[in-house]
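> Using the sequences plus the hints, can you model the full thing?
Note that this note's numbering has the sequence shown beginning at 10, numbered continuously upward.
Some clues are possibly wrong.
Cβ pair distances, simulated, as ranges [what the hints assert, rightly or not]:
id: 1; residue 1: L18; residue 2: D58; range: 27 to 33 Å
id: 2; residue 1: A13; residue 2: A35; range: 27 to 33 Å
id: 3; residue 1: D17; residue 2: N57; range: 17 to 23 Å
id: 4; residue 1: S19; residue 2: T40; range: 20 to 26 Å
id: 5; residue 1: L29; residue 2: N57; range: 25 to 31 Å
id: 6; residue 1: N57; residue 2: D33; range: 26 to 32 Å
id: 7; residue 1: L29; residue 2: D58; range: 18 to 24 Å
Taking lysine-lysine pairs in the DSS-like style, the calculated list, with each CA pair at most 25 Å apart, reads [unchecked claim]:
id: 8; residue 1: K32; residue 2: K15
id: 9; residue 1: K39; residue 2: K20
id: 10; residue 1: K15; residue 2: K47
id: 11; residue 1: K20; residue 2: K32
Just so you know, these hints were derived from the structure itself, not from any lab. Every value quoted in this text rests on a predicted model; they were computed, and no experiment measured them. Ideal Cβ positions, reconstructed from N, Cα and C, are used throughout, including at glycine.
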Amino acid sequence: MVAARKEDLSKVTQDQIDFLAQKDLANGKKTMNAYLWKVCGLEYDESND
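Now the structure itself:
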């Protein structure tokens, strides 16, 4: 899921904006890869409820 999301041009720009907005927060992810794992994990959890 993470690899596919990295290559999805329809999501790259928004992911970069969202990553930069959260990275300096206390519980923010410090790398783009960690952020994408978080996002994909949340999407997976939502789809498998």
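> Work down the list of hints and note, for each, if the structure agrees.
Here is what the structure says about each hint:
no., hint, verdict
1, L18 with D58: 27 to 33 Å, "holds, 29 Å"
2, A13 with A35: 27 to 33 Å, "holds, 30 Å"
3, D17 with N57: 17 to 23 Å, "holds, 20 Å"
4, S19 with T40: 20 to 26 Å, "holds, 22 Å"
5, L29 with N57: 25 to 31 Å, "holds, 29 Å"
6, N57 with D33: 26 to 32 Å, "holds, 31 Å"
7, L29 with D58: 18 to 24 Å, "violated, 29 Å"
8, K32 with K15, "holds, 17 Å"
9, K39 with K20, "holds, 19 Å"
10, K15 with K47, "holds, 13 Å"
11, K20 with K32, "holds, 18 Å"
Hint 7 from the earlier list is the only one contradicted by this structure; the remaining hints agree with it.
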